[in-house]
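> Here are the chains, one letter per residue:
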Amino acid sequence: NAGVTQTPKFRVLKTGQSMTLLCAQDMNHEYMYWYRQDPGMGLRLIHYSVGEGTTAKGEVPDGYNVSRLKKQNFLLGLESAAPSQTSVYFCASSFLSRQGPPYEQYFGPGTRLTVT
Amino acid sequence: KNEVEQSPQNLTAQEGEFITINCSYSVGISALHWLQQHPGGGIVSLFMLSSGKKKHGRLIATINIQEKHSSLHITASHPRDSAVYICAVSNFGNEKLTFGTGTRLTIIP
Chain D
3 NAGVTQTPKF RVLKTGQSMT LLCAQDMNHE YMYWYRQDPG MGLRLIHYSV
53 GEGTTAKGEV PDGYNVSRLK KQNFLLGLES AAPSQTSVYF CASSFLSRQG
103 PPYEQYFGPG TRLTVT
Chain H
-14 KNEVEQSPQN LTAQEGEFIT INCSYSVGIS ALHWLQQHPG GGIVSLFMLS
36 SGKKKHGRLI ATINIQEKHS SLHITASHPR DSAVYICAVS NFGNEKLTFG
86 TGTRLTIIP
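Chains as they are written, first to last, in the numbering used here: chain D, 3 to 118; chain H, -14 to 94.
Calculated directly from the structure, the hints in this document are not laboratory data.
A few of these clues could be false.
[As the list claims (entries may be wrong)] Within a straight-line C-alpha distance of at most 30 Å, the following computed BS3-like cross-link-like pairs (lysine-lysine) qualify:
#, chain 1, residue 1, chain 2, residue 2
1, H, K53, H, K81
2, D, K11, D, K72
3, D, K59, D, K16
4, H, K53, H, K38
5, D, K59, H, K53
6, H, K81, D, K59
7, D, K72, H, K81
8, D, K11, H, K81
9, D, K73, D, K59
10, D, K73, H, K81
11, H, K39, H, K53
12, H, K81, H, K38
13, D, K11, D, K73
14, H, K40, H, K53
15, H, K40, H, K81
[Said to hold, decoys possible] Away from chain D, derived, C-beta distances all over 12 Å, residues of chain H:
#, residue
16, Q(-1)
17, G42
18, S56
19, R65
20, S67
[Claimed, not checked] Quick look at which bits of chain D chain H covers, simulated, 3 or more residues with Cβ under 8 Å:
#, stretch
21, 37 to 50
22, 105 to 113
Only a predicted model underlies this, so the values are computations on that prediction, with no experimental measurement involved.
Quick reminder that beta carbons are idealized off the backbone N, C-alpha and C, glycines included.
Please put together the full structure from these sequences, using the hints given.
What follows is the structure, given as structure tokens:
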């Protein structure tokens, strides 16, 4: 199993450009998450999904959109990139155990995005 | 919403030393998570615990629910343990995590 993978690993954008980050997991996990990690701050939740076709806002959703058309994929879109979106982006997934929550999260390798 | 505080922010130690990293949180949780992040690398879950103590190799995690405090211990530390250690908590009623800012550990040979 590849676990959680992210594409691309690095990207440089100019202000105003758009892009999509792809997260894929092959563990049949129900939940998927997008986080951003900035220096001196803890990971912050951007958007998350509790199942195929559903998404919800996290702590810092502004400027981002997401889609979960397939259970294994969770896409994060930036419609008009801003320098404030320079960050490292992590995707994670978790499965619903029969015992119920809490659930362990499995993280991808991260995408380093720079917006100039 | 929980606030998660970690201490120390940075820790440098000699190889072989016993390491303790602390985490405190403010309200009720369903579980506490310890994660490891190597420089330039991804994030790996080390422990998820809701009571007591867990051990994996040289790593030990403890939690005191009444005091809202957890510790991560590393015995016989090694340079490969150098990483950022992140504490996170799961809130009751949802599966979103709230993260601490991490403790950067450097082990000197």
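> Please flag the earlier hints that this structure goes against, numbers listed from lowest up.
Per hint list: zero violations.
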